[in-house]
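Construct the complete structure from the given sequences, taking the supplied hints into account.
The primary structure of each chain is shown beneath.
Protein chains: 2
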Amino acid sequence: MSLPRIAVDAMGGDEGVRVMIDGAAEARRRHDQFQFLLVGDEARIKTALDQHPNMRGASEILHCDDVVGGDEIPTQALRRAKTTSMGLAVNAVKQGDAGAAVSAGNTGALMAMSKLALRTMPGIDRPALAAVMPTLEDDDVIMLDLGANTEADARNLVQFAIMGAAYSRIILGRQPRVRLLNIGTEEIKGFDRLRDAASELQAAAPGLDFRFDGYVESDKINRGEVDVVVTDGFSGNIALKAIEGTARFVTDLLRNAFTSSLRSKIGFLVSRPATELLKHHLDPNNHNGAVFLGLNGVVVKSHGSANAAGVANAVTVAAKLLEDNLTHRITSDLAELQARRADESAGESAAAK
Amino acid sequence: MSLPRIAVDAMGGDEGVRVMIDGAAEARRRHDQFQFLLVGDEARIKTALDQHPNMRGASEILHCDDVVGGDEIPTQALRRAKTTSMGLAVNAVKQGDAGAAVSAGNTGALMAMSKLALRTMPGIDRPALAAVMPTLEDDDVIMLDLGANTEADARNLVQFAIMGAAYSRIILGRQPRVRLLNIGTEEIKGFDRLRDAASELQAAAPGLDFRFDGYVESDKINRGEVDVVVTDGFSGNIALKAIEGTARFVTDLLRNAFTSSLRSKIGFLVSRPATELLKHHLDPNNHNGAVFLGLNGVVVKSHGSANAAGVANAVTVAAKLLEDNLTHRITSDLAELQARRADESAGESAAAK
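Chains as they are written, first to last, in the numbering used here: chain A, 1 to 353; chain B, 1 to 353.
Incorrect hints may have been included.
Each pair may be met inside one copy or between any two copies, as identical chains are not told apart.
Claimed, not checked - Capping the alpha-carbon separation at 30 Å, the derived lysine-lysine pairs in DSSO-like fashion look like this:
1) K320 with K189
2) K115 with K189
3) K46 with K265
4) K279 with K189
5) K189 with K220
6) K220 with K265
7) K82 with K189
8) K265 with K279
9) K115 with K265
10) K189 with K94
11) K189 with K265
12) K320 with K115
13) K82 with K115
14) K46 with K279
15) K220 with K82
16) K115 with K279
Because the hints were derived from the structure by calculation, they are not lab data.
Pasting the structure below:
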């Protein structure tokens, strides 16, 4: 079976058309069955494609003139869903013209357009934004929500856990370990909604395709002890940006330290393979591609400042989620959870008789 | 004028009595006017004091047998406020027997005991926990609340801003730049309570002793562009631990990279002065001492795993806040804020006539 093609919003991102096309071409060098629908200014896309003979016969161009601005308010961008490159890429997924969409444009606008065009999956109240981060071990960790929902109640958090676990299972190829982000691991910590979500997950997890391990504090996210970190969009965004900012802070300090004397400069040159290894491990391009989970279709947000390798990773994530049928996996765990709830209420009414 | 003495809970912390006494002695080597009330097991304190001739005549021992456990629930610990080393150290501040208390014990218990004994300052609804972190620049940044209040409304956040700014001004010796932690810098981001706090701070700041600069995202906390980061205890705890955890994560990766080959090991040895500089900058002992702000008295929490240098820093923070009259500074900005509010309502009723 051939993979459905991927719609690429060629106009989003800080670097413009070239980096998006270079990224798609790089993804196709890794997986030569990838097919693309490239959405945006036809002339610029053609110029960028000239560099990539491997894209011939593997891509169709959908021309449009309009582009969503980086600072545009989502509700405003939404009015131009039918004319912008972002809107048309998402719409291609809705029409079945593509299996997934990738954009490096305005996150809020992409979320709004995706929700409107693709609608939320049955059984999911709110979609969430999930991203992958490195850990001390070989496996990556997924965190969600990262800002799609400023607040989340217990029911939302349980659904985020199911969606994040489905995503993680596709990446890891094994049963993921799920935890709720909290400010302590004791049961009394945090909010009621966290305790309620924890007890529902505790009760339901044996029937689902993941393990629920309770709470995690934000200093343990990257230790390799958890595969999926579940939280509301405000806390998730705070944690994600604190992690990104501190990684940059420490590497900036390191750079300052290494250039502080001739001796340390020499040491830096000698140990360059080591520092390159660190740089590679922390390079955000290696973990590019935040996924909107919970929609009837796959939409991946590439980082605005990603390079071609980063865009290629975002495209590869989209293809992997399509291939492994992310939405089907979420549906199946949701059905399990609902069957469990139905059993419980049947049990309760039987007991009441 | 001589400085009031500092009560040290000698029994708290992972390392026990010796590190607390070594820390007090080190603080006194830096500032020979420091005087101490050492609370805990007399025999063990005396043994530890034997190593420190500079503490002779500078310390009194208050003996007790009881200790608050590290995992004890605050409400349970509270019942033994009159018999534990932590409770007695805090009580010494209440009685005027000491000017400030320092403990490395259970944070929740210390907060509960301090609130009960010292009470909240007039004009402050809730005390907050504040800590100092390094930045890329020379100046440190203060963040609060870090977990004393899981939630905070707009009024709480405004009070946290005033308390944090008073603390920062003492450390920096200049007018601090205050921001509210949010998930974006646009006005529409985040919660209503953040927008309300921002507009009150915007209106009041010209009359207060700090500058209000709007929102900050958590990836900018350590860039040196903000002196006081104000948030609720849940988000603050998430951000603080994400920062601590990531700093450890990156240095662990660096250590792994440096020991991955003979070449990188040699490079590491050559560049050791550089990596030592980094280690020094990130050493939590150099930023030890979280302060409970908003109480009628100074209480400093030393990190449970701090070494003697870390304890000395916590003691020095306590002394500095006493010397520069932290509570008076908070009172004065609160009075300014209240006068402003009174003016406004007078203006409004005059306009209504």
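Consistency of the hints with the structure:
no.: 1; hint: K320 with K189; verdict: neither (37 Å within a copy, 33 Å between copies)
no.: 2; hint: K115 with K189; verdict: between (33 Å within a copy, 19 Å between copies)
no.: 3; hint: K46 with K265; verdict: neither (44 Å within a copy, 49 Å between copies)
no.: 4; hint: K279 with K189; verdict: neither (36 Å within a copy, 32 Å between copies)
no.: 5; hint: K189 with K220; verdict: both (16 Å within a copy, 27 Å between copies)
no.: 6; hint: K220 with K265; verdict: between (33 Å within a copy, 28 Å between copies)
no.: 7; hint: K82 with K189; verdict: between (47 Å within a copy, 26 Å between copies)
no.: 8; hint: K265 with K279; verdict: both (17 Å within a copy, 17 Å between copies)
no.: 9; hint: K115 with K265; verdict: neither (51 Å within a copy, 52 Å between copies)
no.: 10; hint: K189 with K94; verdict: between (42 Å within a copy, 29 Å between copies)
no.: 11; hint: K189 with K265; verdict: neither (47 Å within a copy, 43 Å between copies)
no.: 12; hint: K320 with K115; verdict: within (21 Å within a copy, 54 Å between copies)
no.: 13; hint: K82 with K115; verdict: within (14 Å within a copy, 59 Å between copies)
no.: 14; hint: K46 with K279; verdict: neither (34 Å within a copy, 51 Å between copies)
no.: 15; hint: K220 with K82; verdict: neither (43 Å within a copy, 36 Å between copies)
no.: 16; hint: K115 with K279; verdict: neither (36 Å within a copy, 46 Å between copies)
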